[in-house]
Amino acid sequence: MAIGTGGNPNRQRMINLMYIVFIAMMALNISPEVLEGFSLVERELRETTKSLEEQNRLRTDLLASAYRSNPTKVALWIERAEKLRTKTQALDSLLQHLKGEIAAAADRSSSIASHPEALERKDDLSASSEVLLDPFHQRGRHLREEITAYRKYVSELLGLGEDQLPQLKRLSTTSPTSGKSWEEAYFEGQPAIAAITLLTQLQNSLRYIEGEMLTELLRRIDEHDYRSNRLTAQVIPESRVVLQGEPFRAEVVLSSVDTTRHPRVFLGTSSTPLSSSLVTLSSTRTGTHPISGHIETELPDGTALRLPFSSEYTVVAPTASISPTLLNVLYAGIDNPLRIAVPGISPEALRVSASAGTLTQKEGLWILRTAKAGGEITISVSAHRSDGTSRSIAQQTFRVRSLPDPLPYLSLAGHGGAQRFKGGKISRSALLSAGEVKAALDDAFLDIHYTVLRFQLLAFDALGNALPENSNGRLFSERQLRLIRTTPLGRRLFITEIYAQGPDGIERRLPSLELLLY
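The numbering of the sequence shown is the working numbering, which starts it at 795 and goes up by one.
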């Protein structure tokens, strides 16, 4: 019987069941460290959002103060600011409500809805879909439409197109996945804490954009002859991401801002100034990247002033885990790819070691290879500091297994491509066309190549005498092909003594194949 997926609903059901079980295994394998990482990020986002809200209140107070000084000039701008604040608060409340709904669905308790940050079942994979993708309520679609309407309102508020306001990209509702809506791409099957973190990030972006728009409204008052010079205190941190136990270092400075002048900003060695002070740089490569340039402006007496600036930014992968890409298992005798990343630390600063085997780097991955099965290997990760010292970050222990034995098969041409034939009725022409014996793991998640070294083709004549013929490799020998051609239809052939070798170099004896010619 030829084995294939076409026309075999029972096999398709089995594949679907295996997929469900695999997803369940992935859910079980979500480490507490990753879930706690989401909680830490969500907490930091909430704190940052509170700071943004306070800054926005100060901007609103400035508008109110300007209105009291000159109602005629400022009336239009304060009216727009108040409407902006109302719409922002409405969308923020919707996001907060959805966070509470997800927390309540995950913990099966309505009491937690008012404080979703106390979520207990962080790894629940159904709550976000239940709340946002329910086809009856369609809350996810409603959220997407509300965000889209907010972006449209903000662009109309300033009389600009969305493409002229790069800040609005932080509230993009474009799906990154073809064939899926925005809400499906970001909330389907996500852990509850991940979905809540994303909604908190949207709240953060919402308050950031509100602040940018309030600043723009203040600036436009200046354009209409309203002047205001400000002194502000600024905190310039060495890094916005700090590991637990590490000190936070920042420089607190007094900054003087002349809101009536707009200096020209030049990035790098370019002779063309930027269109605004907002600098957007790519983050396609991880690591630490420099940024430099200069600002040109005029002093009140007309003297030209040129001030250079330089800084750097670090791009890290959005993960915090040590995970092998092959089923969360290390196998002896082959390359085991490992993806290792720590938030806030560039890959160049990581030091990775293994208690056994060898570790090498290749194309952003760590490759571990060990020859011994049956034991355990501990992967250790540390961070190299700029002062030359290092700090241990994490350790994780994996069990090492031998590669499983493959199963032999014949590759037969069929509808939809080649099919794996593992025994049963077969025509003489199909057997001759196969031409060789192959071996592979009966596993959809391990793609390991095995080479058949030799095998025996066995037939019996009318008197019951055995007629064995041996091959010198994976291909049928001429004597074996002759035996296939001369064996009467209805007789059985046996492919026995099959030996194969995998990338670990171990020679394995495989089970036999029984064929019935027709």
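Keep in mind that the hints were calculated from the coordinates and are not lab data.
Some clues are possibly wrong.
The calculated DSS-like cross-link candidates involving lysine-lysine, where the alpha carbons are at most 30 Å apart (straight line), are [unchecked claim]:
#1 Lys-974 with Lys-867
#2 Lys-946 with Lys-881
#3 Lys-963 with Lys-881
#4 Lys-1219 with Lys-1232
#5 Lys-844 with Lys-963
#6 Lys-877 with Lys-963
#7 Lys-963 with Lys-974
#8 Lys-881 with Lys-867
#9 Lys-1166 with Lys-1219
#10 Lys-1216 with Lys-1232
#11 Lys-974 with Lys-946
#12 Lys-877 with Lys-974
#13 Lys-877 with Lys-946
#14 Lys-1156 with Lys-1219
#15 Lys-946 with Lys-963
#16 Lys-1156 with Lys-1166
#17 Lys-844 with Lys-946
#18 Lys-844 with Lys-881
#19 Lys-867 with Lys-877
Cβ pair distances, simulated, as ranges [what the hints assert, rightly or not]:
#20 Ser-966 with Gly-1182: 29 to 35 Å
#21 Leu-1310 with Gly-1211: 20 to 26 Å
#22 Gln-890 with Arg-1013: 27 to 33 Å
#23 Ile-1300 with Ser-1186: 32 to 38 Å
#24 Glu-1010 with Ser-966: 31 to 37 Å
#25 Gly-1211 with Gly-1138: 42 to 48 Å
#26 Arg-1185 with Ile-1300: 38 to 44 Å
The beta carbon of each residue, even a glycine, is placed where N, CA and C say it ideally should be.
Enumerated hints in conflict with the structure, sorted upward: 1, 9, 12, 14, 20 and 24
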